[in-house]
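*Asks:* Generate the whole structure from the sequences, applying the supplied hints.
One line per chain: the protein sequences are A and B, in this order. Residue numbers 442 to 664, in our numbering, belong to the letters of the first sequence in order. Residue numbers 4 to 220, in our numbering, belong to the letters of the second sequence in order.
These are computed hints drawn from the structure, not numbers from a lab. All values derive from a computational prediction rather than experimental measurement. The reader is advised that the hints may include incorrect statements.
Claimed, not checked - From the structure, some residues in chain A lie toward chain B, with a derived Cβ separation under 8 Å:
| # | residue |
| --- | --- |
| 1 | Gly515 |
| 2 | Pro568 |
| 3 | Met574 |
| 4 | Ala608 |
What the hints assert, rightly or not - In silico BS3-like cross-links for lysine-lysine, where the CA-CA straight-line distance does not exceed 30 Å:
| # | chain 1 | residue 1 | chain 2 | residue 2 |
| --- | --- | --- | --- | --- |
| 5 | B | Lys7 | B | Lys18 |
| 6 | A | Lys658 | A | Lys444 |
| 7 | A | Lys565 | A | Lys658 |
| 8 | A | Lys652 | A | Lys581 |
| 9 | A | Lys581 | B | Lys124 |
| 10 | B | Lys63 | B | Lys135 |
| 11 | A | Lys453 | A | Lys581 |
| 12 | A | Lys444 | A | Lys652 |
| 13 | B | Lys135 | B | Lys124 |
| 14 | A | Lys592 | A | Lys444 |
| 15 | A | Lys581 | B | Lys72 |
| 16 | A | Lys565 | B | Lys72 |
| 17 | A | Lys460 | B | Lys124 |
| 18 | B | Lys7 | B | Lys63 |
| 19 | B | Lys20 | B | Lys72 |
| 20 | B | Lys7 | B | Lys20 |
| 21 | A | Lys609 | B | Lys137 |
| 22 | B | Lys75 | B | Lys135 |
| 23 | A | Lys645 | A | Lys453 |
| 24 | A | Lys565 | A | Lys592 |
| 25 | A | Lys658 | A | Lys460 |
| 26 | B | Lys124 | A | Lys565 |
| 27 | A | Lys609 | B | Lys72 |
| 28 | A | Lys652 | A | Lys592 |
| 29 | B | Lys75 | A | Lys565 |
| 30 | A | Lys609 | A | Lys460 |
| 31 | B | Lys124 | A | Lys609 |
| 32 | A | Lys658 | A | Lys453 |
| 33 | A | Lys565 | A | Lys444 |
| 34 | A | Lys581 | B | Lys173 |
| 35 | A | Lys658 | A | Lys609 |
| 36 | A | Lys453 | A | Lys609 |
| 37 | B | Lys173 | B | Lys124 |
| 38 | B | Lys63 | A | Lys565 |
| 39 | A | Lys581 | B | Lys135 |
| 40 | B | Lys7 | B | Lys135 |
Cβ coordinates follow ideal geometry from the N, Cα and C atoms, glycine included.
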Amino acid sequence: MDKQALRNRIVKRVAEELKPGSLVNLGIGMPTLVANHVSDDMGILFQSENGMIGIGRDAVTDDNLDVDITNAGGQPVSTVPEVSYFDSSLSFAIIRGGHVDSTVLGALEVDAEGNLANWIIPGKMVPGMGGAMDLVTGAKQVIIAMEHCNKNGEPKILQRCNLPLTAKGQVNLIVTEMAVIEVTENGLLLTEIAVDTTVEQVIKATGAELKIASDLKTFGEIE
Amino acid sequence: MQLKPIISPEQAVEKIKPNDRVMIGGFMATGSPLNVINHLVDLGTGELNIICTDTGYADKGIGQLISSKQAKSVKASHIGLNPETGRQMNTGELEVELIPQGTLAERIRCGGAGMGGFLTKTGLGTMVEEGKQKVTVEGEEYLLELPLTADVALVKASIVDKAGNCIFNKTTKNFNPLMATAAQLVIVEAEQVVEVGDVEADRFTLPGTFVDFIVAV
Numbered sequence: 442m443d444k445q446a447l448r449n450r451i452v453k454r455v456a457e458e459l460k461p462g463s464l465v466n467l468g469i470g471m472p473t474l475v476a477n478h479v480s481d482d483m484g485i486l487f488q489s490e491n492g493m494i495g496i497g498r499d500a501v502t503d504d505n506l507d508v509d510i511t512n513a514g515g516q517p518v519s520t521v522p523e524v525s526y527f528d529s530s531l532s533f534a535i536i537r538g539g540h541v542d543s544t545v546l547g548a549l550e551v552d553a554e555g556n557l558a559n560w561i562i563p564g565k566m567v568p569g570m571g572g573a574m575d576l577v578t579g580a581k582q583v584i585i586a587m588e589h590c591n592k593n594g595e596p597k598i599l600q601r602c603n604l605p606l607t608a609k610g611q612v613n614l615i616v617t618e619m620a621v622i623e624v625t626e627n628g629l630l631l632t633e634i635a636v637d638t639t640v641e642q643v644i645k646a647t648g649a650e651l652k653i654a655s656d657l658k659t660f661g662e663i664e
Numbered sequence: 004m005q006l007k008p009i010i011s012p013e014q015a016v017e018k019i020k021p022n023d024r025v026m027i028g029g030f031m032a033t034g035s036p037l038n039v040i041n042h043l044v045d046l047g048t049g050e051l052n053i054i055c056t057d058t059g060y061a062d063k064g065i066g067q068l069i070s071s072k073q074a075k076s077v078k079a080s081h082i083g084l085n086p087e088t089g090r091q092m093n094t095g096e097l098e099v100e101l102i103p104q105g106t107l108a109e110r111i112r113c114g115g116a117g118m119g120g121f122l123t124k125t126g127l128g129t130m131v132e133e134g135k136q137k138v139t140v141e142g143e144e145y146l147l148e149l150p151l152t153a154d155v156a157l158v159k160a161s162i163v164d165k166a167g168n169c170i171f172n173k174t175t176k177n178f179n180p181l182m183a184t185a186a187q188l189v190i191v192e193a194e195q196v197v198e199v200g201d202v203e204a205d206r207f208t209l210p211g212t213f214v215d216f217i218v219a220v
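*Replies:* Shown next as structure tokens:
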């Protein structure tokens, strides 16, 4: 499976989790692609923590470019008609105050207690947490969208995170190209596996104990 | 009528001294006072303690101050898109404190609003809580975060009238109106300067009372 197909499968599955009429914040990178799989009639609004609600899905062209409208990655974006803008204080009041229904973020590591590490690899990579700590703490639903293993083929889903945490016990759902995993009070529950994998393969690629849902489903039909 | 002095970018940057704590508005250079930053790079003041949400790009915005080694410390939430910040941090040339973005915004708001700090769950159970007081309110644990102020704030506004009232277009708002409340000296780079009365007063979101100097570009 090439990288793009794999990412498409992940973000398409994540999009199914989003509720009609909700407010959603998508992290930089793969999570931004989730918006491509949300239909307009769902009435979902996307927030960007630098100060807007209502990022559009239209590509930015010379015709609609406005240099005063950028997303949290600093890239120009289009807008929906009901867009609104605000400063960083109000933006994080929205985030910390529990007004964001779902946030979708990537992860370096995520663990059986719903802990997330995605902002620092000490001594190697120190991008900073940006708004991630506030988002993960404040959003009602935290969805991790990531590849199941790191580039060395090692599990990113662990019993306990090794890297410094972004937040403790806040992750609700993990979606990878192999599996959909819920974080429950009793640990990780495998609820879906991809059509091209097996439970054994998922267990092998996971560094934490997995309970298997009695009604295990499949996802990621190959188009 | 209370009007604010309009100065050149050259005059503006002369007001900034080594060791000053300098808040700079903008988010990945959107809404940053790029003209004033360029002149600060040219003047080469150095030894600045910069407070900003991110260090932008190596060649645009706040990142230029890092690349030209004008900073001795940076408080920011994100430095990942400017590799030079990380490099100087690793070699020990630059002291970097990473602060969650919402916490940074609220610390600045507290600094400008005369608040002694605020309580947040952001950072609990992470490196961010190290050395901070934890406070339990009605059974819920929070971190106490303290106010942040500065000697100088360099902000950018889209429209400024001659009394200093500011409008910040769309996503150029970000940290600009907050920082303007939290510094001793506030310099606003104006994309457009208008006469008092030219813009309906109701549209201004930052009162001119916070502004000391207007830089017309």
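*Asks:* Does each hint hold? Answer for all of them.
*Replies:* Going through the hints against the structure:
1. About 3 Å separates the beta-carbon of Gly515 (chain A) from the nearest beta-carbon of chain B, less than 8 Å, and the hint is met.
2. Below 8 Å, beta-carbon pairs count as interface contacts, and Pro568 (chain A) has one with chain B at about 3 Å; its hint therefore holds.
3. With its C-beta approaching chain B no nearer than about 4 Å, Met574 (chain A) sits inside the 8 Å limit, and its interface hint holds.
4. The beta carbon of Ala608 (chain A) comes within 7 Å of a beta carbon in chain B, closer than 8 Å, and the hint placing it at the interface holds.
5. With a C-alpha separation of about 16 Å, the suggested pairing of Lys7 (chain B) with Lys18 (chain B) holds against the 30 Å cut-off.
6. Using a Cα cut-off of 30 Å, the hinted pair Lys658 (chain A) and Lys444 (chain A) holds, with the two alpha carbons roughly 23 Å apart.
7. For the proposed pair Lys565 (chain A) and Lys658 (chain A), the alpha carbon gap of about 39 Å is over 30 Å, so the pair is violated.
8. The straight-line distance between the Cα atoms of Lys652 (chain A) and Lys581 (chain A) is roughly 24 Å, inside the 30 Å bound, and the hint therefore holds.
9. At most 30 Å may separate the alpha-carbon atoms for a hinted pair to count; Lys581 (chain A) and Lys124 (chain B) meet this at roughly 14 Å.
10. Between Lys63 (chain B) and Lys135 (chain B) the alpha-carbon distance is near 34 Å, which puts this suggested pair outside the 30 Å criterion.
11. For the proposed pair Lys453 (chain A) and Lys581 (chain A), the alpha carbon gap of about 20 Å is at most 30 Å, so the pair holds.
12. Of the pairs offered as hints, the one joining Lys444 (chain A) and Lys652 (chain A) holds, with about 28 Å between alpha carbons and a cut-off of 30 Å not exceeded.
13. With a CA separation close to 12 Å, the supplied pair Lys135 (chain B) and Lys124 (chain B) stays within the 30 Å bound.
14. Annotation: proposed proximity of Lys592 (chain A) to Lys444 (chain A) holds, straight-line Cα distance about 12 Å (limit 30 Å).
15. For the hint pairing Lys581 (chain A) with Lys72 (chain B), the CA-to-CA distance comes to about 42 Å; that exceeds 30 Å, so the pair is violated.
16. A distance of roughly 22 Å separates the Cα atoms of Lys565 (chain A) and Lys72 (chain B); the hinted pair therefore holds under the 30 Å criterion.
17. Among the hinted pairs, Lys460 (chain A) with Lys124 (chain B) is consistent with the structure: their alpha-carbon atoms are about 26 Å apart, no more than 30 Å.
18. Restraint check: the Cα-Cα separation between Lys7 (chain B) and Lys63 (chain B) comes to about 29 Å, which is no more than 30 Å; the hinted pair holds.
19. Restraint check for Lys20 (chain B) and Lys72 (chain B): satisfied, since their Cα atoms lie roughly 15 Å apart, inside the 30 Å limit.
20. The straight-line distance between the Cα atoms of Lys7 (chain B) and Lys20 (chain B) is roughly 22 Å, inside the 30 Å bound, and the hint therefore holds.
21. Taken as a hint, the Lys609 (chain A) and Lys137 (chain B) pair is honoured in the structure, with Cα atoms around 15 Å apart against an allowance of 30 Å.
22. Between Lys75 (chain B) and Lys135 (chain B), the direct Cα distance comes to roughly 24 Å. Compliance with the 30 Å bound is thereby established for this hinted pair.
23. With a CA separation close to 24 Å, the supplied pair Lys645 (chain A) and Lys453 (chain A) stays within the 30 Å bound.
24. At most 30 Å may separate the alpha-carbon atoms for a hinted pair to count; Lys565 (chain A) and Lys592 (chain A) meet this at roughly 15 Å.
25. Taking the CA atoms of Lys658 (chain A) and Lys460 (chain A), the gap is about 20 Å. The hint holds against a cut of 30 Å.
26. Only pairs whose Cα atoms come within 30 Å are accepted, and Lys124 (chain B) paired with Lys565 (chain A) is accepted, the gap being roughly 27 Å.
27. About 36 Å separates the Cα atoms of Lys609 (chain A) and Lys72 (chain B), which puts this hinted pair outside 30 Å; it is violated.
28. As the CA atoms of Lys652 (chain A) and Lys592 (chain A) are separated by approximately 25 Å, the hinted pair is consistent with the 30 Å bound.
29. For the given pair, Lys75 (chain B) sits about 21 Å from Lys565 (chain A) by alpha-carbon distance, which is consistent with the 30 Å threshold.
30. Our distance criterion of 30 Å between C-alpha atoms is met by Lys609 (chain A) and Lys460 (chain A), whose separation comes to about 25 Å.
31. Taking the CA atoms of Lys124 (chain B) and Lys609 (chain A), the gap is about 10 Å. The hint holds against a cut of 30 Å.
32. Taking the CA atoms of Lys658 (chain A) and Lys453 (chain A), the gap is about 16 Å. The hint holds against a cut of 30 Å.
33. Proposed proximity of Lys565 (chain A) and Lys444 (chain A) is supported: the alpha carbons are some 24 Å apart, at most 30 Å.
34. At roughly 26 Å between alpha-carbon atoms, Lys581 (chain A) and Lys173 (chain B) fall within 30 Å of each other, so this suggested pair holds.
35. Proposed proximity of Lys658 (chain A) and Lys609 (chain A) is supported: the alpha carbons are some 29 Å apart, at most 30 Å.
36. At roughly 27 Å between alpha-carbon atoms, Lys453 (chain A) and Lys609 (chain A) fall within 30 Å of each other, so this suggested pair holds.
37. Using a Cα cut-off of 30 Å, the hinted pair Lys173 (chain B) and Lys124 (chain B) holds, with the two alpha carbons roughly 29 Å apart.
38. Distance restraint check for Lys63 (chain B) and Lys565 (chain A): the Cα-Cα separation of roughly 24 Å lies within the 30 Å cut-off, and the hinted pair is therefore satisfied.
39. At most 30 Å may separate the alpha-carbon atoms for a hinted pair to count; Lys581 (chain A) and Lys135 (chain B) meet this at roughly 26 Å.
40. Between Lys7 (chain B) and Lys135 (chain B) the alpha-carbon distance is near 40 Å, which puts this suggested pair outside the 30 Å criterion.
Of the numbered hints stated above, those contradicted by the structure are hints 7, 10, 15, 27, 40, listed in ascending order.
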